[in-house]
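6 protein chains.
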Amino acid sequence: MTSSKSLTHLDASGSANMVDVSAKDDTTREARAEGFVRMKPETLAMIRDGNAKKGDVLATARIAGIMAAKRTHELIPLCHPLVLSKVAVDIEIDETLPGLRVESYAKLSGKTGVEMEALTACSVACLTIYDMAKAADRGMTISGIRVLAKSGGKSGDWSVDPRETAE
Amino acid sequence: MTSSKSLTHLDASGSANMVDVSAKDDTTREARAEGFVRMKPETLAMIRDGNAKKGDVLATARIAGIMAAKRTHELIPLCHPLVLSKVAVDIEIDETLPGLRVESYAKLSGKTGVEMEALTACSVACLTIYDMAKAADRGMTISGIRVLAKSGGKSGDWSVDPRETAE
Amino acid sequence: MTSSKSLTHLDASGSANMVDVSAKDDTTREARAEGFVRMKPETLAMIRDGNAKKGDVLATARIAGIMAAKRTHELIPLCHPLVLSKVAVDIEIDETLPGLRVESYAKLSGKTGVEMEALTACSVACLTIYDMAKAADRGMTISGIRVLAKSGGKSGDWSVDPRETAE
Amino acid sequence: MTSSKSLTHLDASGSANMVDVSAKDDTTREARAEGFVRMKPETLAMIRDGNAKKGDVLATARIAGIMAAKRTHELIPLCHPLVLSKVAVDIEIDETLPGLRVESYAKLSGKTGVEMEALTACSVACLTIYDMAKAADRGMTISGIRVLAKSGGKSGDWSVDPRETAE
Amino acid sequence: MTSSKSLTHLDASGSANMVDVSAKDDTTREARAEGFVRMKPETLAMIRDGNAKKGDVLATARIAGIMAAKRTHELIPLCHPLVLSKVAVDIEIDETLPGLRVESYAKLSGKTGVEMEALTACSVACLTIYDMAKAADRGMTISGIRVLAKSGGKSGDWSVDPRETAE
Amino acid sequence: MTSSKSLTHLDASGSANMVDVSAKDDTTREARAEGFVRMKPETLAMIRDGNAKKGDVLATARIAGIMAAKRTHELIPLCHPLVLSKVAVDIEIDETLPGLRVESYAKLSGKTGVEMEALTACSVACLTIYDMAKAADRGMTISGIRVLAKSGGKSGDWSVDPRETAE
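Sequence lines, in order, name chains U, G, S, W, A and E. Taking UniProt numbering, the leading residue of the first sequence gets 1, the next gets one more, and so forth. Taking UniProt numbering, the leading residue of the second sequence gets 1, the next gets one more, and so forth. Taking UniProt numbering, the leading residue of the third sequence gets 1, the next gets one more, and so forth. Taking UniProt numbering, the leading residue of the fourth sequence gets 1, the next gets one more, and so forth. Taking UniProt numbering, the leading residue of the fifth sequence gets 1, the next gets one more, and so forth. Taking UniProt numbering, the leading residue of the sixth sequence gets 1, the next gets one more, and so forth.
If you are wondering where the hints come from, they were derived from the structure by calculation, not from laboratory data. Virtual Cβ for every residue (Gly too), placed ideally from N, Cα, C. Don't take every hint at face value.
Here are the simulated EDC-like pairs of lysine to aspartate or glutamate, each with C-alpha atoms no more than 20 Å apart in a straight line [claimed, not checked]:
1) G/K24 with G/D157
2) W/K111 with W/E42
3) S/K111 with G/D26
4) A/K86 with S/E42
5) G/K111 with G/D157
6) W/K24 with U/D26
7) W/K111 with E/D157
8) G/K24 with S/D26
9) U/K111 with U/D26
Have a look at the derived ranges for each label pair, beta carbon to beta carbon [unchecked claim]:
10) W/S22 with A/E164: 56 to 62 Å
11) G/P41 with E/S159: 44 to 50 Å
12) U/A23 with W/R48: 22 to 28 Å
Produce the complete structure using the sequences and hints provided.
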């Protein structure tokens, strides 16, 4: 098994530890992730049809996702603290789901990838949507949270196979 | 539309705001949630077969989930701060997924439900698993995050239809 | 000097310490505070005239204020951790200032007043407005942050003299 | 409207998002801010005359301000995390106000300005002073919080017109 | 082995989890802890003889300890969030050590003991003293951190044997 | 007294403030620290003999220490925020103490030393061990927390005299 395929956060003795990134280059690193909140059609209608309300539900979830990305290293035990240069979260209505699709983006000039920051932004935006609509629909499900693409760093660029859909 | 079906976190003007829970009773409230990390069979084997390693991957994810539940109100903008009396996270191997299934539990004697705390514990445990195995498998997907059951409070007990599976 | 007029956070030796609130009653306590961001007329016009934009600037500041209220005890060294039952922040345009007026509200069933939570919500909402408009107007000033009214607790109700205006 | 005059935290669709600073240069950036706590003369006397006490009130507020500056990006939704190289807070008695004047300073070698860090330090120091003296004087007002000067970065140096006073 | 003697934070399967405290009574619970920073005599003299300086070193360490106590549940994975009603930290010069002795106190009306809060206050106050004097004396040692006494709760009162000294 | 021997966190007026590190070089800096938890032989046996349990007690303490290192600047008032490139915590059984020995390691490419991060990791790992075993043994003592070695930066390398033992 090559080192690129091992569980990098476990050291030789099997203990969980942070990876030493000090020898890595400072390069521009980016990652995009997505996630979905599936809900009943009438819940989605409630979010879609209330104009002011919809604005505030989506704005609140977007802000929550951005703020959570900045705290990724506090939540995920072995993540490094990062000086993120950009985080963005977009949310769109997906009538066929039915529900909402969240897409997040993180960028850094530094030594470690930012997939975890993008995934954390996505997860917390989805949780916030759940929170704001849960009185109307307890059965909502958060799903399909995955990395869409990453670039930068020694391991190079990577993206999901476009034929694969998580939802 | 009855009030129990509206987006409770939006006030009359459509602004997002915290719900006033001061008139609610202090009752014992519980919630259970689940989530899944789907991965390649060889990634799961790597986690399952390394005894010491597996212990540490699962222990790290469990601890991360428990700690995150305590910070739910810092992450989800309109959640109330809570004095949780118990949080638990269990993780088990699911060979047919293939991947890991996370189940979380939160308990409180207080004025608000603890679904968001259970969901947050689940989400962050899943993110931590992703983080620890991502060098081996970038295509892992986090899915099926949902509330399984809740009890306590005015809205009474609720649980998912057992015939419905998220995964 | 009566004890109600002393600097309660200093003990007999003059050291700063938290006040012991364990003997206080659990009562409903509320506080309202206000604050202002004074800016150039053209900055206010930019916020007022961009419909989508205005929504997002004000929603972001409101969310930031609510989230900050929940973290008051982490920021203000001698504040007690509180189980807030409600926080609200409203922001309105004040053409005569010209600028924005922020009003915040905090509520608790507990042993300590919530003035600091209301003031912190107000301050952070004002700081967020400054942040979002600072590229257009560096000379904005945050002013008039004060408690408007408080109720509950042994010291009873209090409100500002309505003839006094901070701005 | 030139881009330097727009609300930079809103993207083309009007959504609030973090500005991408990855293309900015790493330069030394500094900012100074000030703020005031206006109080009754007898409240100021209480702070001024108790020697040990005064020391601790001012030391506590100064420490609170410094610690808050380091958490600016957790409080202000669209602020970037920064590796601050210096934060200072000074507090002096202003008999004519009457009250206290807080001045803060932040410094960084990095890609973004530090005005928000200086303003946050100032605001939290003022809130801490309010907290410690509020039992004696509920009517205190926090005012005149503004940036005094900034230097570094593409937008160059800036300072308030010395003829303008906030208080 | 009686249950009062087991490792209560491990469940039947050996996994670390929070103890369920929901069935415990709300009683007044208190704990006192102590700790020591041993240093060279000339380092202690530097702290003792600089009057203003000494005030600020000790005030800073005291504030840091109090603030840390409020965040114990964020630091110690299986600690419950608590609504502390009082935290105090006192620091005194111990010429015979030579060094400083820190004593902390925490109080709560609630369901769990506050030993961890007292110990965390002590530890962080000691770390802060180390930080402020480390340029003069890298060899300082933090030692003797222990609970002196606790009261309240089902397990009753407990205190160290007065004949035992940690230093 | 040379500047290298003064209390660097106090400015000329005796106020506690952060040291300006902007003129320091970005170099690789490392620090190692140790600490001990002394306990009754039967408490140590309980940790040592329960295989699954021991794994989880030590894994939990190690994770807590690593996470705390990343939050050092939030806990210690005058510490700078740092972009740590590596943190590790190891815990071993010491039958002669009897108890556990914690050793921590922190690494950074940056402008400030990482002794405080190593010491904080050590302290919080020790506190977590205390928390998990306290029901069995309230008299445990945390001791001997000290820096073992540091390297990097203008002040050069330093290590404890190997003949000196803290325990």
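Taking the hints in turn, this is what the structure says about them:
| no. | hint | verdict |
| --- | --- | --- |
| 1 | G/K24 with G/D157 | 16 Å, holds |
| 2 | W/K111 with W/E42 | 45 Å, violated |
| 3 | S/K111 with G/D26 | 16 Å, holds |
| 4 | A/K86 with S/E42 | 49 Å, violated |
| 5 | G/K111 with G/D157 | 15 Å, holds |
| 6 | W/K24 with U/D26 | 15 Å, holds |
| 7 | W/K111 with E/D157 | 31 Å, violated |
| 8 | G/K24 with S/D26 | 15 Å, holds |
| 9 | U/K111 with U/D26 | 5 Å, holds |
| 10 | W/S22 with A/E164: 56 to 62 Å | 58 Å, holds |
| 11 | G/P41 with E/S159: 44 to 50 Å | 48 Å, holds |
| 12 | U/A23 with W/R48: 22 to 28 Å | 55 Å, violated |
Of the numbered hints stated above, those contradicted by the structure are hints 2, 4, 7 and 12, listed in ascending order.
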